[in-house]
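Each chain, written out:
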Amino acid sequence: MAEYLKPIPVPSPVSRPYWEGCRRHVLQAQQCRTCGHRWMYPSRVCHGPDCAALDNSDWVPLSGRGEVYTFSVHHQAPSVEWAEDVPYVFGVVRLEEGMFLSTNVVGIDPADVRIGMPVEVVFDDVTDEIAIPRFRPVA
Amino acid sequence: MAQGQREIAVVGVGGTTYHPRGIVGHSAVSYHAEAAALAIEDAGLNKRDIDGVLVCEHSEDVKIAYRVFEHLGMSGRAKPLCLAITNGGIAAAVANKVATWALLSGEANYVLVVGGGGGARGRASERATRPGAYMQGQHHFSWEFDVIYGPLGAPGFYALHAQRHMYEYGTKPEHLAAVKVASSKHGALYPKTLLPQEVTIEDVLNSRYVAAPFHILDCCYPTGGGSDAYILTTAERARDLKHPPVWMLGVGQYHAGYHVGALCTGWEDGHDLIRTNGREAADRAFGEAGVTRDDIDFAELYDSFTMTVLMQLEDFGFCEKGESGPFAEGGRLELGGELPVNTNGGMLNLGQTGVGSTVMFQTEAVEQLRHEAGPRQVRDAKLAVVGSVSGPMSNYGCTILARD
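Taken in order, these protein sequences are the chains called A and B. Quick note on the working numbering: the first sequence kicks off at 1 and runs consecutively. Quick note on the working numbering: the second sequence kicks off at 140 and runs consecutively.
Hints listed in this document are in silico derivations from the structure and should not be mistaken for laboratory results. This one's a predicted model, so the numbers in the text were calculated from it and none came from an experiment. Some hints could be false.
Stated by the list, open to error - Far from chain B by the CB rule (all over 10 Å, computed), these chain A residues:
id : residue
1  : Cys35
2  : Met40
3  : Cys51
4  : Pro61
5  : Ser63
6  : Gly64
7  : Asp85
8  : Glu120
9  : Glu129
10 : Pro137
Unchecked claim - Straight-line alpha carbon distances no greater than 25 Å define the calculated DMTMM-like cross-link-like pairs of lysine to aspartate or glutamate that follow:
id : chain 1 : residue 1 : chain 2 : residue 2
11 : B       : Lys311    : A       : Asp109
12 : B       : Lys331    : B       : Asp190
13 : A       : Lys6      : B       : Glu283
14 : B       : Lys311    : A       : Glu67
Backbone N, C-alpha and C define an ideal beta-carbon position, used for all residues, glycine too.
With the sequences and hints as input, model every part of the structure.
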């Protein structure tokens, strides 16, 4: 595996199950055992509007499908590690389950990306331990 | 504050020269102390009268407020109020609220607000040549869930708002450019402006893409450093000072968090990525002030990007939701127009100090309301709105200022 020079996530005790899922190529979210609310971005406290359940959630698999909610074609790299990638797409995907995720849209000419475009997750195995979820247009 | 009451006044303002990027003249503390000393002199106060110090900055120096206090030689007298306000671009509005609480409760008598700071960040394009530089200026974004995808710092995130706004409301690149065109005309009239050249719509559209839909001329200009300051006090104290008071009639602030995923998700009250809580911040400020949007003579709106100004125009209620693009056209935002915006060029032209020169918008509004703005003066300026935003367009402040 070629050395990956861009930043690599360092899982925390809270986010480790998310990244374990990604390693197995399964996108997951937390679901509260108290109120049933599901949310993206790992946290110890439930994100349900009226629920403050602490450390009481399960990790549940998601479909991995969604649509492009918004995006930016980046023509300038934030640092040298992305210099050969420009132009590339940084954006937000709305998952079928309703959550939103920052990501890259890949597998398409950046000039052809559109809001509302159906996309599906594709995992980029950047190390033996870490796979980063990105999204590509549904074939 | 009681509705429409003239209880709090701005009585002194001061600002340093802004150094161009690449020139690193002073530390943040040094810039803050210079601006503060100028504001104290402008107010005609004795230094020992200042009993509240609010420093608007989110540098890594978590003790910055104490350091400013010491650098001003104020250590001889302990203060009841000394606080670093680290909310970014919204910090001056937060400071206005905190100062109001302190002044009206009698906790403090004269509150110094200072903000800006050192530079040395340089343009993203310069940082980009250094390995590992992706973290600089991004410490406030999530490493684990955002930075891994290579967002270009603030432009990368604010571009997401602009793209979605264009999709939902038909806003065009020309509309964004109109904001820069108007403020560049104002900046050309202001001696401190670091980018004094006037630009056209075509200039903006022909400038290089940074994070599309943003061109480089849609982005504010980070400076090498500089600070601005003002002093707030109560009505009875304000009457005896050097300048006629500029009244702070109303302050609203509303906060929604930070993460772009959370912003897109939205809240129960209907806010989301492009329907921001700027509306609530403005409603609170206008409610306190007892004035309407139609009464406002000019606006100083936080302009990290051209889109940031459009969002404030519509969410503060100066036009219908989604209509800020067409509203920006036809010279409406220029001096002599219906609502002059950013009368000294704003951060797009004058330059951005520290991590968001939140205080500068307020000091410019005060100079205008004192009718001391020279060639860039808004005629008969009596009532101003000052907007502040912290990113990515998630937290809003709105302050209303008036002269007698």
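To see whether the hints hold, each was checked on the structure:
1. At roughly 14 Å, the least C-beta separation between cysteine 35 (chain A) and chain B is larger than 10 Å, which holds for a residue marked as non-interface.
2. Residue placement check: methionine 40 (chain A) does not keep its beta carbon more than 10 Å from all beta carbons of chain B (closest about 6 Å).
3. Listed as a non-interface residue, cysteine 51 (chain A) keeps its Cβ farther than 10 Å from every Cβ of chain B; the least gap is roughly 13 Å.
4. Even its closest Cβ contact with chain B, about 18 Å, leaves proline 61 (chain A) beyond 10 Å, as expected for a residue assigned away from the interface.
5. Non-interface status of serine 63 (chain A) relative to chain B is upheld: no Cβ of that chain comes within 10 Å, the nearest being about 17 Å off.
6. Residue-level check passed: glycine 64 (chain A) sits 16 Å from the nearest beta carbon of chain B, beyond 10 Å.
7. With 10 Å as the threshold on Cβ separation, the claim that aspartate 85 (chain A) sits away from chain B is violated: the shortest Cβ distance comes to roughly 7 Å.
8. With a least CB separation of 17 Å from chain B, glutamate 120 (chain A) remains clear of the 10 Å interface cut-off, as annotated.
9. Every C-beta of chain B lies more than 10 Å from that of glutamate 129 (chain A), the closest at about 14 Å, which supports listing it as non-interface.
10. A cut-off of 10 Å between C-beta atoms confirms that proline 137 (chain A) is not in contact with chain B; the least separation is 17 Å.
11. For the proposed pair lysine 311 (chain B) and aspartate 109 (chain A), the alpha carbon gap of about 22 Å is at most 25 Å, so the pair holds.
12. A hinted pair counts as satisfied when its Cα atoms are at most 25 Å apart, and lysine 331 (chain B) with aspartate 190 (chain B) does not qualify at roughly 30 Å.
13. Distance restraint check for lysine 6 (chain A) and glutamate 283 (chain B): the Cα-Cα separation of roughly 12 Å lies within the 25 Å cut-off, and the hinted pair is therefore satisfied.
14. Taking the CA atoms of lysine 311 (chain B) and glutamate 67 (chain A), the gap is near 23 Å; set against the 25 Å cutoff, the hint holds.
Violated hints for the displayed structure, listed by number in ascending order: 2, 7, 12.
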